[in-house]
Amino acid sequence: MLDLLFLSECSTLQNVIKGLTQTIENQCNVKDENDRLKGTIHILEDKLKTCEEEYKDQIQKLMIEIKNKEEDHKLEITQLNCDIRKKFEVKETEFREQREKKELEILELTRQLKIQNEEKQNEIIKLQIEKLQHLQEEKNKEIEVLRNTIRDLEQRLNKGEDLPFKRRRF
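If you read the sequence shown in our numbering, its first letter stands for residue 7, the second for the next number, and so on.
FYI, nobody ran anything at the bench for these hints, they're computed from the structure. In this text, all values refer to a predicted model and were calculated from it rather than measured experimentally. One should not assume that every hint holds.
Calculated lysine-lysine pairs in the DSBU-like style (CA-CA distance at most 30 Å, straight line) [stated by the list, open to error]:
(1) Lys67 / Lys80
(2) Lys145 / Lys132
(3) Lys93 / Lys108
(4) Lys80 / Lys97
(5) Lys108 / Lys97
(6) Lys120 / Lys108
(7) Lys44 / Lys62
(8) Lys92 / Lys108
(9) Lys120 / Lys137
(10) Lys108 / Lys126
(11) Lys145 / Lys126
(12) Lys147 / Lys165
(13) Lys120 / Lys107
(14) Lys132 / Lys147
(15) Lys73 / Lys92
Work out the full structure: start from the sequences and follow the hints.
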């Protein structure tokens, strides 16, 4: 029975040794897995650091690009404002010149109208003078006719002083 006991203990010890061996193997496997995971973590941390640095570099580049774009935009706006101001000044000058030209045209037309009015007035005065001269000539003719009539009558009267009858008839 001792043999049995001994075999039983031996079997138990073998089982314990197997269990311990299995446990040690498991621990070794866990340790290997742990080391592998630590390596992976280290690699991932390095990759993360690299990505962070790349992102920081990209952000820095983008910030510089944004700043440059803002400066370009400011320059463009300044140039546009300058161009608009120049165009406005040109248009203002053109408008002023057109206005001055129109004012000169108005002055010229006013002068011409004044001259035409003066010419019309002069023509009216000339026509009135001609009419008055014509009337004067007619009156002078009438006066001449009347003078001639008076002279004829006086001559008749002088011839006919001897004749009382003719005087009465007059």
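If any of the earlier hints don't hold here, list their numbers in rising order.
Violated hints: none; all satisfied.
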